[in-house]
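*Asks:* This is what each chain is made of:
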Amino acid sequence: MKSLAELEEIRKKTLDEIKMRKNKEGIRVVVGMATCGIAAGARPVMNRFVEEIGKRNLSDVSVTMTGCIGVCKLEPIVEVIDADGTKVTYVKMTPEKASRVVTEHIVNGRVCQDLTIGAAEQAGK
Amino acid sequence: MKEIALHILDIMQNSVAAGAGRIGVSITADDEAGMITIVIDDNGCGMDEKMLQRVTDPFTTTRTTRRVGLGIPLLKSSCIMSGGSFGITSQEGCGTRVTAAFGKDHIDRPVLGDLAGVIADMSASFPEIDIRLELAYGEKRFSYSSADAGRILGEVPLSEPAVVKWLREYIDEGVKDIFGGVLNEIVG
Chain H
1 MKSLAELEEI RKKTLDEIKM RKNKEGIRVV VGMATCGIAA GARPVMNRFV
51 EEIGKRNLSD VSVTMTGCIG VCKLEPIVEV IDADGTKVTY VKMTPEKASR
101 VVTEHIVNGR VCQDLTIGAA EQAGK
Chain R
1001 MKEIALHILD IMQNSVAAGA GRIGVSITAD DEAGMITIVI DDNGCGMDEK
1051 MLQRVTDPFT TTRTTRRVGL GIPLLKSSCI MSGGSFGITS QEGCGTRVTA
1101 AFGKDHIDRP VLGDLAGVIA DMSASFPEID IRLELAYGEK RFSYSSADAG
1151 RILGEVPLSE PAVVKWLREY IDEGVKDIFG GVLNEIVG
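Quick note, the sequences are listed as chains H and R, same order.
FYI, the numbering used here numbers position 54 of the first sequence as 54, with every residue one higher than the one before it.
With positions in the second sequence counted from 1, the corresponding number in the numbering used here is that position plus 1000.
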């Protein structure tokens, strides 16, 4: 049986790493998780981000959730906020697309233009 | 919503929007009553009697981006479909309590789902809120509080990937320990 005290170990292990990281801001991945997002499948998308980022040991990337981003018909919506504050909004996400965003955008710095809200709006016109 | 955990996540987002500093989730399985009862309570801003009356109506929402709110109506219908019941009480300035009961062995009860993932991710996303979980079956209990975890971690954030992974495993172990063999989808 695990006990919360084990967190003490994790604290010791990650503390130095965190101090080193303090100098540079990391990338933030924010997943819209209101009724609309959840019903459209935002949980599996978020889980895929966590998995892919964990697999690559990208410790300066955080994955968190937020409420409704405002465009419910395009859910699941994911925002990727780079270290310099640039925000890219990805829409109609799936776990497969999430894997692509991790490799292309988060690891290699190339925005997946075809998955962005801009591309979805163009297609809708 | 395919899982009870997703309903819980959805209702917890309401608590976040209500500015809660504490959100408690308790899940109790009872063989005698044949029920699994979920209580989500918070110390957020609460609501007045008028709003409370309207909140199970899908055409009620506090959002400004659109005019429908489906979280609570979906949970209510899910409870009733599985032979359970739904209730909500609230006091302005004190908080809100949502009680959702499902028929434990009813064929239309949604599975519990990835509760550990939901609670761990909520803890990581809202570190300023104490996210609590209580599981109970008979004499058996499991409890978790993100504030307790945060105190041990000190300056290491709850959103640290290694922490989230550990929390998921820790809570999942609790779920299996309490509900394994009790809810028919969870192997004991």
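Check the hints yourself; a few may be wrong.
[Stated by the list, open to error] Derived list of chain R stretches under chain H, where covered just means 3 residues or more per stretch with a C-beta under 8 Å from a C-beta of chain H:
(1) 1086-1096
(2) 1168-1178
[Stated by the list, open to error] Covered stretches of chain R (chain H as the covering partner; in silico rule of three or more C-beta atoms under 8 Å from a C-beta of chain H):
(3) 1010-1019
(4) 1029-1037
(5) 1132-1140
Source of the hints: derived by calculation from the structure; they are not laboratory data.
Ideal Cβ positions, reconstructed from N, Cα and C, are used throughout, including at glycine.
*Asks:* Please list, smallest to largest, the hint numbers that this structure does not respect.
*Replies:* When the structure is compared with the hints, numbers 1, 4 and 5 turn out to be violated.
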